[in-house]
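**Student:** Residue numbers (UniProt numbering): 1 to 432.
If you're looking for bench data, these hints aren't it; they were derived computationally from the structure.
These figures come from a predicted structure and were not determined experimentally.
A virtual CB, placed ideally from N, CA and C, is assigned to each residue, including glycine.
Check the hints yourself; a few may be wrong.
[Unchecked claim] Result set (SDA-like, lysine to any residue): computed pairs, CA atoms no more than 20 Å apart in a straight line:
#1 K387 - G410
#2 K111 - R91
#3 K134 - E104
#4 K85 - E104
#5 K407 - M420
[Stated by the list, open to error] The following label-pair restraints were derived from C-beta to C-beta distances:
#6 P199 - Q149: 18 to 26 Å
#7 E70 - S90: 28 to 36 Å
#8 P108 - N374: 39 to 47 Å
#9 K174 - N213: 26 to 34 Å
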Amino acid sequence: MSYSKGKKDYLSRGNAAGCAGGSGNYHNKYRRAQSNPNSGQVDADEDGDNLSLEGVPDAASRQLQDKTLEDEYGAKDYRSQVVLKEDHASRPLWVSGDGHIFLEAFSPVYKHAHDFLIAISEPVCRPEFIHEYKLTSYSLYAAVSVGLQTDDIIEYLRRLNKTSTPEGIIEFIKMCTESYGKVKLVLKQNRYFVESSHPEIVQKLLRDPVIRNCRLKRSEDDVELLSDNRVKQQVVPGAKPNEAIEKTEVPSDIFDFYSRMENDDEEEPERDTKVVSFEVMQDKIEDIQKRCIELEYPLLAEYDFKNDTHNPDINVDLKPSALLRPYQEKSLRKMFGNGRARSGVIVLPCGAGKSLTGVTACCTVRKRCLVLCNSGVSVEQWKAQFKMWSTADDSMICRFTSEAKDKPMGCGICITTYSMITHTQKRSWEGK
Numbered sequence: 001m002s003y004s005k006g007k008k009d010y011l012s013r014g015n016a017a018g019c020a021g022g023s024g025n026y027h028n029k030y031r032r033a034q035s036n037p038n039s040g041q042v043d044a045d046e047d048g049d050n051l052s053l054e055g056v057p058d059a060a061s062r063q064l065q066d067k068t069l070e071d072e073y074g075a076k077d078y079r080s081q082v083v084l085k086e087d088h089a090s091r092p093l094w095v096s097g098d099g100h101i102f103l104e105a106f107s108p109v110y111k112h113a114h115d116f117l118i119a120i121s122e123p124v125c126r127p128e129f130i131h132e133y134k135l136t137s138y139s140l141y142a143a144v145s146v147g148l149q150t151d152d153i154i155e156y157l158r159r160l161n162k163t164s165t166p167e168g169i170i171e172f173i174k175m176c177t178e179s180y181g182k183v184k185l186v187l188k189q190n191r192y193f194v195e196s197s198h199p200e201i202v203q204k205l206l207r208d209p210v211i212r213n214c215r216l217k218r219s220e221d222d223v224e225l226l227s228d229n230r231v232k233q234q235v236v237p238g239a240k241p242n243e244a245i246e247k248t249e250v251p252s253d254i255f256d257f258y259s260r261m262e263n264d265d266e267e268e269p270e271r272d273t274k275v276v277s278f279e280v281m282q283d284k285i286e287d288i289q290k291r292c293i294e295l296e297y298p299l300l301a302e303y304d305f306k307n308d309t310h311n312p313d314i315n316v317d318l319k320p321s322a323l324l325r326p327y328q329e330k331s332l333r334k335m336f337g338n339g340r341a342r343s344g345v346i347v348l349p350c351g352a353g354k355s356l357t358g359v360t361a362c363c364t365v366r367k368r369c370l371v372l373c374n375s376g377v378s379v380e381q382w383k384a385q386f387k388m389w390s391t392a393d394d395s396m397i398c399r400f401t402s403e404a405k406d407k408p409m410g411c412g413i414c415i416t417t418y419s420m421i422t423h424t425q426k427r428s429w430e431g432k
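All chains, please: the whole structure from these sequences, using the hints.
**Tutor:** Below you can see the structure in the form of structure tokens.
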């Protein structure tokens, strides 16, 4: 069963803070090309693209090794490796040793399992009754980047599984998530900081000569900063109160654990967390991102927009008529948390309301926003969407295309195309 995806990429950065753009995140779901020892050449991935291995973490090459023997028809017998649970009929998942996960779409626990699998794995095929997913190193990295912990992933997978979880799966999850999500690159007041709640990791990074050269010391006595980070719930405009989850026919251990995972980020009480950080030079951002990937500590990009007084706020809000659907609320809750905006990609099907999601993100950040489109037609559509769902008017929106070059006088939202931004040849007088 085929399905289409649309992507919106959001980035809050510098003077053009807000939504849209790219970010330098390296958890895009690319497969690392495999080297052929016989020919000395590198084979492309299944799409045929010759992807560069530079800037790709070693974890991308980690693959699950399933040593289960196959019969003459390709079937595998796992009876000697896993044990079937007594209440297997009420649990929706089959997890194989090679990372493939099969979900019963007719199970009463389908909603719980579907939301979880979307967060930790990649869909392979989704026909009417049985859906197939696959665990990959990058899908697990994406799960960690939105707040899922290693132990939570393993525990919930164990509860949903009809059998005991293969040891190889547990080891693979630990191997792919042990170092991810522990270090962040945070934009504060137009200054970049590498921060972590693990002081030993920061000390390890600072011992590296490349990272040490990227560090910015404003004085001789400048040392790592210890700060208190107070966690608060982020309210997304247009969101409705969370609806209660029906518990009908759901095993108690699955229901209780699912509820706890859902509420971890949203209803967690305020707490103080000690965070160690150091400032880095703005012209060395790409260097430190690349080096941290090589050290197996990829940086999660965040923008501290709540405390940003350097960049002016724009007066834009959602209209009362703009009501978000539950999946739009969930995607935005993953983007916003702790008063910060995470950099990443929101993927929704065609016609699911990605434009409203993007407009809501802009209204949440309330900083100057750059929207990048594929064509001039998309630029006009985005302008219409901003005027439809938000209080932004023509005076606040600036278009920059080959056909329309609005004067950016007091504008807070700029909409343009990738080709206009990347144009390197001589521009017209209006373009300049």
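**Student:** Each hint: holds or not?
**Tutor:** Hints and how they fare:
1. K387 - G410: 17 Å, holds
2. K111 - R91: 12 Å, holds
3. K134 - E104: 15 Å, holds
4. K85 - E104: Satisfied, since the Cα-Cα distance of roughly 16 Å is no more than 20 Å.
5. K407 - M420: 15 Å, holds
6. P199 - Q149: 18 to 26 Å: Cβ of P199 to Cβ of Q149: about 19 Å, so the range 18 to 26 Å holds.
7. E70 - S90: 28 to 36 Å: Taking Cβ atoms as reference, E70 and S90 lie about 30 Å apart, which means the hint holds.
8. P108 - N374: 39 to 47 Å: 41 Å, holds
9. K174 - N213: 26 to 34 Å: Since K174 and N213 have Cβ atoms about 32 Å apart, the given range 26 to 34 Å holds.
Against the hints set out earlier in the document, no violation occurs for any number.
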